[in-house]
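Participant: Those protein sequence lines, which keep their order, are chains A and B.
Numbering-wise, the first sequence is residues 235 to 443 according to this note's numbering.
Numbering-wise, the second sequence is residues 58 to 812 according to this note's numbering.
A portion of the hints provided could be inaccurate.
Stated by the list, open to error - Coverage of chain B stretches by chain A, computed from C-beta distances (three or more under 8 Å per stretch; other residues unrestricted):
# : region
1 : 260-267
2 : 298-311
3 : 622-636
4 : 736-742
Stated by the list, open to error - Per label pair, the in silico range of CB-to-CB distance:
#  : chain 1 : residue 1 : chain 2 : residue 2 : range
5  : B       : GLY334    : A       : LYS319    : 20 to 26 Å
6  : B       : ARG643    : A       : LYS319    : 20 to 26 Å
7  : B       : GLY463    : A       : GLU369    : 56 to 62 Å
8  : B       : SER480    : A       : ARG317    : 56 to 62 Å
9  : A       : ASN439    : B       : GLU332    : 52 to 58 Å
10 : A       : LEU302    : B       : GLU746    : 56 to 62 Å
11 : B       : LYS210    : A       : LYS319    : 47 to 53 Å
Just so you know, these hints were derived from the structure itself, not from any lab.
Being a predicted model, the structure only gives us computed values, none of them experimental.
Note that the Cβ used here is the ideal one computed from N, Cα and C, for glycine as well.
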Amino acid sequence: MEKAPRKKRKTYTRRAFLKGLGGGAAGTALATRFLGQSLLASQLDISTASIFSKKTISFEVNGKNISLDVEPRETLLEVLRERLKMTGTKKTCGRGECGGCTVLLDGRPVYSCLFPAYRADGKKVTTVEGLAEGEKLHPVQQAFIDKDAYQCGFCTPGFIMSSVALLNKNQTPTLAEIKAGLGGNLCRCGNYAKIYEAVAAASQNMRKA
Amino acid sequence: MKKNEEYLADPDLAYIELARGKEPQEQEAQGKEAPSPEEQEFKIIGQDTPRIDGKLIVTGKAKYTHDLFFEDMLYGKILRSPYASAEIVDMDLSQAKSLPGVKAVLKLKEGRVKYEGEQVAAVAAEDEYTAEEALGLIKVDYRILPHVVTPEKAMAETSPQVHDSANVQKLNEYNRGDVDKGFAAADVIFERTYKTAVEIHQTAETHASVAKWDEDRLTVWDSTQAIFSVRDGLARALGIPASKIRVIKKYMGGGFGSKLGVNEHTVAAARLAKETGRPVKITLSRKDNSLCVGNRPTSLITIKAGVKKDGTLTSFSMKNYTGGGVGRGDRCSEPLIDIYRCPNVKVEEFTVFTNTGASRPTRAPGHVQGTFALEGFLEELANELGLDPLELRRKNYTSANQGQAGIPYSSKGLDKCYDLGASAIGWDRRNKKPGEGQGKKRRGLGEASQIWWGAGVPGTLADVKIHPDGSVEAICGTQDIGCGTRTYMATVTAETLGLEPQDITIKIGDTAYPWAPLSGGSLTTPSVAPAIRDAALKAAEYLKNLAAKKLNIEAADLVLAGKKLVNQNNPEQSIAFSDITKEMRREAVFHGERGELPPGFAYNTFGAHFAEVEVDTETGRVKVLKVVAVHEIGRVINKLTAESQVVGGITQGVSTALFEERVIDENTGKMVNPNLQDYKIATSMDVPEITTIFVDLVDPRINNLGAKGLGEPPRIPSSAAVANAVYNAIGVHLREIPMTPDKVLQALGSKEAGS
């Protein structure tokens, strides 16, 4: 059985999200999941699991049309990684703290780990796998290689997506604007200084092109 | 139950022995004698070489353990103790087992749990949601016991006991000369105490393992820095031969020391996979990663020095209490023992057990804490004596390793680090008297010096394989943890064979390949690069002989360059690389080995960081403006990736100095910031302007390339340099990191009060 979402919401808050899922025991269950704590059996009425219905969504990922059934609890990140096996987008914190899962949604950067998959219905998603044109890398990707703007590389897809979003909005960012534009991404190897260099170089190359 | 000694003898810590260059196994005879490292001239080595696997990373195609999926794969999850100290009275798995989709439930623990996050049970289910739900259905009846979570409290006689004997245990002792005589000979005796917080590795990729059985053979894909350690650890834990286990790691999202051995959840994955007959993947959550896969332990270090008026050290004593949770903590005394000339030294270090997750090596274990203390102490001592802090360090400079009976360093460029760094930062700009500046925002300059090992591990093996079609493989069971291992393997092979790095196919990260040590302790490059060089030199020799016969000249007259073998006496005469390989009947494999370290010398890396900060005296906020990092690591193999190591070391050091602190609520024994929002790490907004300089010096004997390691060195002095700059800015040394605004304001307040 497939249900339409209860209500289209203009703005997204965690509170509204939980409420939208029916509140009550399931909401509590999800809230405790958010807090990263395990559930005690006594607090969970298993029968409430049936309120998780499915919805068929259609969206575009890197130019390809995708149609699949999603549960309201599924995030865009989970759909990309677990269902579509597109593992370029990484899960680092799972709660919107690090930017490792950044993708573009209709050109706008979003944390896919917090973004309910059903809300991607009808939208265009771009991931790090969709930036290159054939063998030709996006200037940001090329600049990351040239400037060695990575170490372990795990946060790199998120940084690249945030950088692309920044440069789409501002083609000539200053150093302060680059820092602010990437302020939502964490690099634990600490290679930020090299990342700025790469974004600045990409900005130059994009203007030349 | 483990005995105290077993907790003290944490097997992860064996890596310190490796880092010191002690071989883990018997050595075999060496290969052909290579030319001395200093005489060699290189075309590619030493240049900026972009990573050969960069394209995979920037297109999202590099596969990390998180990214692996197998047919029929189950998802495993671990139930962890919510209590810091408790006894498991009863555990009921039946409800979890009967949940549809659950394929196996295992009890992992009986009796006492000793820290929040200790594993208790495990499940494997068809999907993550079901596994998570099943965890909630495991009923554990705990009897809650008293806990202690801070070293200060754990040292008290009345404190709850963490293990089966006293919480305070001797960890390390060192004596040289006679400290009492040294103090008696001193003009000034100076004593200070320094303190560091617990820091969490917070690797981007949380720990993860996939286990898959094929009859009696086990394959494990693991997010690890040490495939061979994981293999051997699994063999011990599962009671099966190492020969039946294969461990694979292709890409890994950060380790920093937290991924140096087999993890309990990896063993659980293997057991769940065995029981279900299906592959099982376990991915730890961010909270798990904060609680139970290691941390940098606390230190509480008191240093006392005897010194002549001119700054000459006559005596050093140091006492350290390190809090490594249920683990052993860090020895923090090596910098004090080794780096400055001092005839009389006494060190005592103690572990203080608490009911918190065990410490693990954390990029430059012990040295970050020990250097923060030692270098801060010298800065304060210099002020006491009215000396330039850099002059005090030069005054006690030594060319012989103090800790190793005074044997000479094979190479030491620390004096050059001082010269280059002082000039680059403008050392004269510092406040001659700390805190003499005026105004709301005050600037200061600070320096800190560094020593680490980084000689590499004799016995490291690597192969170079040449195919008749001219294609080349470089093969080694090492792992690239983000330092560019694949790239320098390609660079060294290409350089030796006259090819380009892109021509070389790199195979690493598999226990099926020749043995290499764990990747940690700055030992990968000086282990793997020389082994590859050895193999490639043998391959070159073989090809020269083939070509010499063909061209009817002496093999010694040939050089490999520009994808050819060229007669150096007659450059017109040459044969293409891929033509000579056609002469081979089959592929040929050349075995290389990292040779012995010539005895009689100490092998160490050195560096000095110079930091400039601005302290807002109204808000207590510290802003790091600039860091100049100068390192002496022998020959630099790839300047581009080496710079990244330094940039990362500085950023992490700034993070440690200003932000990072695990916070545990004393009442509940629970960590209150097990995430990336409340556990603060440096962001793009916190990074200073960075200048990286490498001293142009090739170690004459350390290995066939004259190269040392670089993983740890830039991480060691970075926090201390920032702390010393803050001292220079405000005139009071905080003696405690992280230097959060509250502590800065408190220090400024105490200065005003004149205490």
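Participant: Any hints this thing doesn't respect? Which numbers, in order?
Facilitator: Violated: hints 3, 6 and 10.
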